[in-house]
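Novice: Take a look at the letters that make up each chain.
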Amino acid sequence: MPPFALTGTKLRERRLAAGLRQADVAARAGISASYLNLIEHNRRNVGGEVLERLGDALGIDRASLAPGSDSAVVEGLRNAVARADSASEAVELDRLADFLGRFPGWAGLMVALDRRVQTLERAVETLNDRMTQDPHLSQSLHEVLSSLSSVRATAAILAETEDLDPEWTARFHRNLWQDSERLALGAEALVSYLDAGSATAEQGIAAPQEEVEDWLRSRGWVFADAELAEGLEDEIAGLASSAARQLAAGHVAQAAKDASALPMPAFLAAVGETGPDPFALASGFGCDPIAVMRRLAGLPALSAGLVLCDASGTFTFRKAAAGFPLPRFGAACPLWPLYSALGHPLQPVEAVVEMVGQGGGRHQVLAWATPQRPLGPRGPELRIAGMLILPAAARAKPGDRADLAIGSSCRICPRAECPARREPSILS
Amino acid sequence: MAQHVLLVEDEPNIAEAIRFLLSRDGWRVSHVAVGDLALAQIRSDRPDLVILDHMLPGLSGIEIVEAIRADPDLAALPVLMLTARGRDRGLAERAGVDRFIAKPFANADILAEVRAMMGR
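Residue numbers (this note's numbering), protein chains in the order written: chain E, 1 to 428; chain H, 1 to 120.
If you're looking for bench data, these hints aren't it; they were derived computationally from the structure. Heads up, a few of these hints could be off.
[Unchecked claim] Below, in silico cross-link-like pairs of lysine to any residue (SDA-like), each with a Cα-Cα straight-line distance of 25 Å or less: (1) H:Lys103 <-> E:Leu185; (2) H:Lys103 <-> E:Ser180; (3) H:Lys103 <-> E:Glu143; (4) H:Lys103 <-> E:Thr161; (5) H:Lys103 <-> E:Arg245; (6) H:Lys103 <-> E:Arg182; (7) H:Lys103 <-> E:Lys319; (8) H:Lys103 <-> E:Ala187; (9) E:Lys319 <-> E:Arg245.
[Claimed, not checked] What follows is a list of derived Cβ distance ranges for each label pair: (10) H:Pro12 <-> E:Gln254: 31 to 37 Å; (11) H:Asp71 <-> E:Gly238: 52 to 58 Å; (12) H:Arg99 <-> E:Leu127: 31 to 37 Å.
Glycine is no exception: its CB is placed at the ideal position from the N, C-alpha and C atoms.
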């Protein structure tokens, strides 16, 4: 439907709402009643000075009458219909402009309600994940209960066994001390977790890794090289849990190594020449592509996301990119090129991916896995895999088709027929 | 000869307390800390009773019970499970656990359950 249809319908609805006759409004605007009638029925385009005079006659801001002024609401209504699945078949999309013109308040309310539904769905996903999959909560409770069981059993033996020989007494006293220490640490972790969760409501920032990521987010994911040299000890000391402080210290130490291998001025100059290509940059600097990915993810201008995982596929670092939501708990979509790289170390994996579902978008992703043997050639092989997530425009051409449709995780992915699906979606 | 109880528990201090308790009560007690080793130990030692923790490294307590019940030679072996989580009870019951004790347990409860299961 052409944009002017909205304007004519809006003029008619506002006139009727104000209880004015066509002839009166036409006279005030200096046009004939028959011409206004044509405009109101969307049979004549209207703009410029005539539209301004009609706006004045009806006491309406001209901007709200301009063609396209309701485009955000129209888009919002279309999105609401798209999300309504089977119920959307009964919606008269061909009369959307008419609906918006006649009932702008109701239309705005529908869009607001749809946005509210999206927010609540995200909260449901978060809480569902937290209740069913939160490994930190489960582990913390297990630690506390195990320590408590041991303390209770040992203390009862000490209190109730009158003829306990000194060797056993000493052994149980030592056990009691160990378990009380463990209980204190477990309780501290649990309290930190619950405090953080209640303070951040729906976001539920809590687990140590999330606490560190929240800290990094508050810094814009950026460390100046000079800050790294100083170690950021004061900031790290401000984190709530000892586990988070330990993770943060490790992250800063790694960032300092990356900064040493890829000094910022030279790195920026190289990025300017080659673009954000971690493989070319790694080759140029003679370093691991994952170090380059970490460095690129810290460049604010790039708006890049980054995920790192170990050989089990467990995330060790997450920085989301716009339109590429990352699961908070559990495993991600098995179609991610990150996992292809994990299975084929030292081989670059590159793809344009389309993230399906709410808020998804198209991205260029570049993945790589590096095997490591920290205990020497006979020790176990570890792997670290990384996937740099770039806005599609950074490398892919606008006309390029996505190589692969992917999701965030099965639990919140709408692709019912996906061959890689491992569990039903909670949104279906 | 004293009847034999095999304790499968990965927390060393809990295991030490239970071993002490049961030994003083007249039971012969052996212990493994890793789920993967439990089945081999059961097959070689033929204990009269198994006390299993639910969450173990390697095979979980549930998986061990399932394997016991699936083996005709072991299927009748009495199993007492230590568990911290209520929702695990349904799983454990379906797997074939005879009795439960919730953590944190009282020593008297452990002794009472073992005596009852062994007909003392």
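Novice: Mind listing which of the numbered hints don't hold for this structure, in increasing order?
Specialist: Violated: hints 5, 7.
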